[in-house]
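*Asks:* Here is what each chain is made of, one letter per residue.
Number of protein chains: 4
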Amino acid sequence: MAKSDVKKVVLAYSGGLDTSIILKWLQTTYGCEVVTFTADLGQGEELEPARQKALLLGIKPENIFIEDLREEFVRDYVFPMFRANAVYEGQYLLGTSIARPLIGKKQIEIAEKVGADAVCHGATGKGNDQVRFELAYYALKPDVKVIAPWREWDLTSRTKLIEFAEKHQIPIAKDKRGDAPFSTDANLLHTSSEGKVLEDPSQDVPDYVFSRTVSPETAPDKATVITVDFERGDATAVDGVKLSPAALLAKLNDLGRINGIGRLDLVENRYVGMKSRGMYETPGGTILLAAHRGIESITLDRGAAHLKDELMPKYAELVYNGFWFAPEREMLQAAIDKSQEFVTGRVRLKLYKGNVTVIGRESPYSLYDQELVTFEEGAVAYDQHDAQGFIKLNALRLRTLGQRRKKTGI
Amino acid sequence: MAKSDVKKVVLAYSGGLDTSIILKWLQTTYGCEVVTFTADLGQGEELEPARQKALLLGIKPENIFIEDLREEFVRDYVFPMFRANAVYEGQYLLGTSIARPLIGKKQIEIAEKVGADAVCHGATGKGNDQVRFELAYYALKPDVKVIAPWREWDLTSRTKLIEFAEKHQIPIAKDKRGDAPFSTDANLLHTSSEGKVLEDPSQDVPDYVFSRTVSPETAPDKATVITVDFERGDATAVDGVKLSPAALLAKLNDLGRINGIGRLDLVENRYVGMKSRGMYETPGGTILLAAHRGIESITLDRGAAHLKDELMPKYAELVYNGFWFAPEREMLQAAIDKSQEFVTGRVRLKLYKGNVTVIGRESPYSLYDQELVTFEEGAVAYDQHDAQGFIKLNALRLRTLGQRRKKTGI
Amino acid sequence: MAKSDVKKVVLAYSGGLDTSIILKWLQTTYGCEVVTFTADLGQGEELEPARQKALLLGIKPENIFIEDLREEFVRDYVFPMFRANAVYEGQYLLGTSIARPLIGKKQIEIAEKVGADAVCHGATGKGNDQVRFELAYYALKPDVKVIAPWREWDLTSRTKLIEFAEKHQIPIAKDKRGDAPFSTDANLLHTSSEGKVLEDPSQDVPDYVFSRTVSPETAPDKATVITVDFERGDATAVDGVKLSPAALLAKLNDLGRINGIGRLDLVENRYVGMKSRGMYETPGGTILLAAHRGIESITLDRGAAHLKDELMPKYAELVYNGFWFAPEREMLQAAIDKSQEFVTGRVRLKLYKGNVTVIGRESPYSLYDQELVTFEEGAVAYDQHDAQGFIKLNALRLRTLGQRRKKTGI
Amino acid sequence: MAKSDVKKVVLAYSGGLDTSIILKWLQTTYGCEVVTFTADLGQGEELEPARQKALLLGIKPENIFIEDLREEFVRDYVFPMFRANAVYEGQYLLGTSIARPLIGKKQIEIAEKVGADAVCHGATGKGNDQVRFELAYYALKPDVKVIAPWREWDLTSRTKLIEFAEKHQIPIAKDKRGDAPFSTDANLLHTSSEGKVLEDPSQDVPDYVFSRTVSPETAPDKATVITVDFERGDATAVDGVKLSPAALLAKLNDLGRINGIGRLDLVENRYVGMKSRGMYETPGGTILLAAHRGIESITLDRGAAHLKDELMPKYAELVYNGFWFAPEREMLQAAIDKSQEFVTGRVRLKLYKGNVTVIGRESPYSLYDQELVTFEEGAVAYDQHDAQGFIKLNALRLRTLGQRRKKTGI
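Residue numbers (full-length UniProt numbering), protein chains in the order written: chain A, 1 to 410; chain B, 1 to 410; chain C, 1 to 410; chain D, 1 to 410.
Please keep in mind that the hints were generated in silico from the structure rather than gathered at the bench. Mixed in with the good hints there might be a few duds.
Identical chains blur together in the list; that is why a pair holds if it fits in one copy or across any two.
[Claimed, not checked] Here are the computed lysine to aspartate or glutamate pairs in the EDC-like style, where the Cα-Cα straight-line distance is at most 20 Å: (1) Lys-160 with Asp-175; (2) Lys-314 with Glu-152; (3) Lys-406 with Glu-112; (4) Lys-7 with Glu-62; (5) Lys-350 with Glu-217; (6) Lys-196 with Glu-362; (7) Lys-406 with Asp-117; (8) Lys-60 with Asp-200; (9) Lys-407 with Glu-109; (10) Lys-406 with Asp-143; (11) Lys-406 with Glu-341; (12) Lys-8 with Glu-112; (13) Lys-7 with Asp-143; (14) Lys-196 with Asp-369; (15) Lys-314 with Asp-337; (16) Lys-174 with Glu-330.
In this text, all values refer to a predicted model and were calculated from it rather than measured experimentally.
Based on the provided sequences and hints, a complete structural model is requested.
*Replies:* Next up, the structure:
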């Protein structure tokens, strides 16, 4: 778009070198007012330095927005997604994907508040995050202008970036001068790493890439047994202690971290069309998924459970691709949430050197009825003789097919 | 059916006490000729004793059929199912489900050969196996008579069974006199256990129930790294050594067993309508699934991979419910097999105390293209500027929705 | 079940010969108190004669329940189903299927009110309706006893039925003595016919079978143009006149009937396993479906519309099979209902000799934006140049596949 | 791309004004050699004039390719698609969508043959066809250069186009000087019309837009009864006369046309993100779909039929979006084709003033078994008493849910 078109832009600002360069680039290239938004999603970094740095780079105090989104993130994004048991391509717990819509939503809210006409993010032009940010922007503010510096500027190498930073007096941490051996994204749900040293999928992930979990090998030799309580599909307590959503996930993260849980080395298919190799650490989320499936196993009806399993891949794909604010995601969520009314109870789990094992489940709403399964006769609701009719009618169409085969000799 | 209607019956005969009682009960109740069929599916038991016992119980030598089905089982049943990455209710690898159709098919083949009009199995009236056996029978021989003793007889307690056995001079092993604390099923793919001591889903599985794997705790402190080779979706070699399907699965079982891999404690939904709690040990299968997903991750296109993920729950449900010989399973198999043409290559895995981790994958048909992902500019096929158009057209309908929301104020 | 077990039974009673025989058979066989329930679902029959006949057959006045369910039927069953555009096997509008759960529910409500322990229906042992009734019964009153006379009694021929009726002084209309050439079911949504003269699927449906519509040939030579208004997915007015749900459907039935609309000759797959041939007349429903798709076409987002289309076959199958009160049907309904918030507006349709054609649609919530489609340049939201990026990223994986094909020569 | 990069381009050339302008524009803008490809897909136009015009515009004779693709089109594209009963958004028979991949494939074949490095089409930048062409190009020749003039040039109004034509001595038919009131696409399967006079979806389609069918009103007052024969899912004969695929579709088109069959007025969702309103005439295809469903109704098993219905929306979406040469379309095709082995037989249909009604079906492979459906007792394979067990086991989980509701009072 024409550079002069932008009046005021809300930038997703981490305080790091790259988004600081973007900040300055916006000022110099677009000549527009820059509003920074820095969010705490549990990435484990202080937020105040971001404020100081923004001030240093000439942002007016009233244009600096800093917000702790941890509770909202877990309550309104992570938990609804875990109700779906969402897993992308059989394995990825969508830790990055689920955070982007929330950041995008907040940027738009700030844009509406301060009268900004544009938003800007620091995602590259090859990844999924640009899509996730921008679909959120466009869905919530259809007339917004979107600036994606990595797709626009000519700072196409580390050298050029550093030159630009130096030219504009942007402080550069010593370890940021050279290319990073990999890039990361972190929030309360996970840390992801990708790029450079991870790019050869035939090679193991180097040890130094992991930051969020100990290795199974160095985890304690003794298992940790915990309980997780659920109410209507959401976790509410660990070891009997009620916790807020964010506190609960943080607690599970601690438990997962020390027990070497939640590492994933994956080659995945990006929405923009290529394969990429990533490494994910999702300690608490890995426990949460196992626990949720555990409590569902006794409280969810088969019809509901199987429908959920059938819908899940599409749900996960939508989240991965950035369609959180799309009607079809909301429709699937409505179906999923409908199923969670009685997903209440307690799951006991064993954590041991990378393993999460459900070892017990109980619920006031359990559908598991020992009477029905006992091998001895006596239960009222199940009559073994019914099985014959059940089988024979289910077999009828197969028998008809068999007769056709016999009759036609094919 | 009228007892006099049955002339000759093919019994799935293990040689154990229960099927020996059934054998005798068929003779005394139906007055029919009994043909026994004993199969080696890798359950780890000698077959000759079954022959001796059948002879002892009066079966004519020409009516005793014993067959080693291990290769056919893995090649034509286990492998096709693993091409689908089939997992029932998110977790169960279908070890029992996949064996029943093959046994059923062999019984029908023998029935056709010896001119039998009936078949008989030893599955209970409360489980899934009766359905799986009988759907196979009916699909392959629509006019067959099916005898399911557990649904028919009055031997409704252990005491009555033992009395019947004693009355008919059936040898009774000492440990078979009382009720078993749990029942098991085993084949080359897995061992399942259920019943009695496992019936309370809030209680952990007792140690003595496990028979096929060591516990993660007692597994070696040092990881085992292996490679698995695939050709067109099927595993063909371990550590570079070509193996037949059954030998390969046996090899993976060994590797899994010593590393504490493949235990599963699950509450599942049976096809006959109730929940049950089972414990599964699938050491080799657990490795195989991880390896197969690993090789698919670099050789399978996204469209194919996602379609497979969407179809999988239905495929798994069909196998679980016993519809192996149904047209819809065959249709899904055709789709799945179509996708496996280039699923060829080598996966490296780390086995460690219950964990299976893919740590490397390579293939002559890899779709993973480092050039496309590299953060530096230069790749030919991917132009970052294309991302803008991609996002904007994907966003168009969301923007239109946003405009409606704004316009209507809802 | 033991005949003496039943104390009081609620019978779905039409007042016709067959259910009168059932009534008497219940009294004589089970020796139990019989409560009759006769519902008006718009089948077009007087209800008072049913009361008189019940009295005549010895039912106590307080045990006779007669209810006009037409509004509830259309509002809570037909309309929710039409929100889904539900069509079974590509063609059948589920007119019979959707009525059974409501009748079942009412029987259970009466059973709870009068303290009955059993319910009874007059559906045959070969059809779907027995399943639909009984799944509703069991879902809503899990301990209920179900009596299905057609599966139990020995009145297995028309002759025996007539004998039984004569013996018990049940009035027999002259035309009921012999076998009917076909059987019918009717309600406000449709009339179905099956059996005897329809059993050869290679033969055309005889003219005298149709009762609810004129033939296209005899319909007027001039088209009727109407409008149907919708609010949140439900039809609310015809030709601008607000109507209650039942009145609206009745109005559409009239319009459909005179224009020869809604006849269907179908071979379908029953849930109990065989194929059957039926003839359906759904005049108003056929118009309603076309109109609903018409209003959705401008008010529903593509993502929502396509998800609905993907879910529909499963939804229709659930309704057909009788799983109205199953959690998975309710989950799908939640998803569908979520999509209908803006399905509001007016559709214009032309009715002509069997054809229903949407010829206009308008809505305050229309997502159809002429600016976006116009071939000339100028629209703001759509930039033609975006199409290139859109296509290139969508093509990326296909190009990668093409490169592999070229490289490997396969 | 840089204009000088293109050496030789294969243009999809109709011989009409627009593609003639493109031809000349390619020569003048890219300075490259132009190869024309003109295909007969049954659009009903002579091909020789295209050759003459190409010569006139300076194309070398050896660079002019003209091919009759009608048989290939119907046999390898239309028929496979009809095996799937593919319908987009519940109504559209995909007549335009299915032709594009074939044209694209032929252009690529010619490009390979003549050593061209680029291909070019005349589709606009707002429609689906650009996507369909280009996905085919890229899938089959990943390194091809694609020229889409409508997205590139500055001839953005009719006036400019005419000026360009005049300047380059391109003959202009009198009626092509002004804007067309609508645009059309035609092939053996259908004619589509869109734009201008059709852009207001609240207004009826003007009579003069229809070109391929008479209106139901002007169709004969007497019905035409025909038979269509199928072999393995494909139509092979009409009224008992064997016909090649293209001849058969042409025959059905004639029958449909005179009987006013196959008109559709639709607002649809384009892949590029907006809604558009189109009018389609698919006379033969409409008959073919009805006939195919008719023969499937007696030859296809329920499991296969329902799986087909569930997969169909995704299949149709893939075809609509242009993913014909994508692995997931091929996987679905494999599943669908697998189901068609016995879809053989004869369907009788009545064509009358816009209606297509199946009135009879017969097949040597019919699964319809009158014995099974007859209301009188006697059939062997179906025992009414089996229905009880069938229902009770299907009801078991619903009863368990009911008990939970009762127990918990929720």
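*Asks:* Does each hint hold? Answer for all of them.
*Replies:* Okay, the hints, checked on the actual structure:
1. For a Cα distance limit of 20 Å, the shortest separation of Lys-160 from Asp-175 inside one copy, 16 Å, qualifies, whereas the shortest one across copies, 58 Å, does not.
2. In this assembly of identical chains, the alpha carbons of Lys-314 and Glu-152 never lie at most 20 Å apart, being 32 Å within a copy and 36 Å across copies at closest.
3. When the C-alpha separation of Lys-406 and Glu-112 is checked against a cutoff of 20 Å, the pair qualifies only between copies, where the shortest distance is 13 Å, while the shortest distance within a copy is 72 Å.
4. For a Cα distance limit of 20 Å, the shortest separation of Lys-7 from Glu-62 inside one copy, 16 Å, qualifies, whereas the shortest one across copies, 57 Å, does not.
5. Both within a single protomer and between protomers do Lys-350 and Glu-217 lie at most 20 Å apart by alpha-carbon distance, with minima of 17 Å and 12 Å respectively.
6. Taking the shortest alpha-carbon separations for Lys-196 and Glu-362, only the inter-copy value of 18 Å comes in at or below 20 Å, while the best intra-copy value is 46 Å.
7. In this assembly of identical chains, Lys-406 and Asp-117 lie within 20 Å of each other by CA distance solely across copies; the values are 16 Å between and 72 Å within a copy.
8. In the homo-oligomer, the alpha carbons of Lys-60 and Asp-200 never lie at most 20 Å apart, since the shortest distance is 44 Å inside one protomer and 49 Å across protomers.
9. For a Cα distance limit of 20 Å, the shortest separation of Lys-407 from Glu-109 across copies, 18 Å, qualifies, whereas the shortest one inside one copy, 70 Å, does not.
10. For the homomeric pair Lys-406 and Asp-143, the shortest alpha-carbon distance between copies (11 Å) is at most 20 Å, but the shortest distance inside one copy (66 Å) is not.
11. When the C-alpha separation of Lys-406 and Glu-341 is checked against a cutoff of 20 Å, the pair qualifies only between copies, where the shortest distance is 15 Å, while the shortest distance within a copy is 50 Å.
12. In this assembly of identical chains, Lys-8 and Glu-112 lie within 20 Å of each other by CA distance solely inside one copy; the values are 11 Å within and 51 Å between copies.
13. Taking CA atoms no more than 20 Å apart as the test, Lys-7 paired with Asp-143 passes inside one copy only; the shortest distance there is 14 Å, against 41 Å between copies.
14. When the C-alpha separation of Lys-196 and Asp-369 is checked against a cutoff of 20 Å, the pair qualifies only between copies, where the shortest distance is 13 Å, while the shortest distance within a copy is 53 Å.
15. Taking CA atoms no more than 20 Å apart as the test, Lys-314 paired with Asp-337 passes in both settings, with 16 Å inside one copy and 19 Å between copies.
16. When the C-alpha separation of Lys-174 and Glu-330 is checked against a cutoff of 20 Å, the pair qualifies neither within a copy, at 45 Å, nor between copies, at 53 Å.
Against the hints set out earlier in the document, violations occur for numbers 2, 8 and 16.
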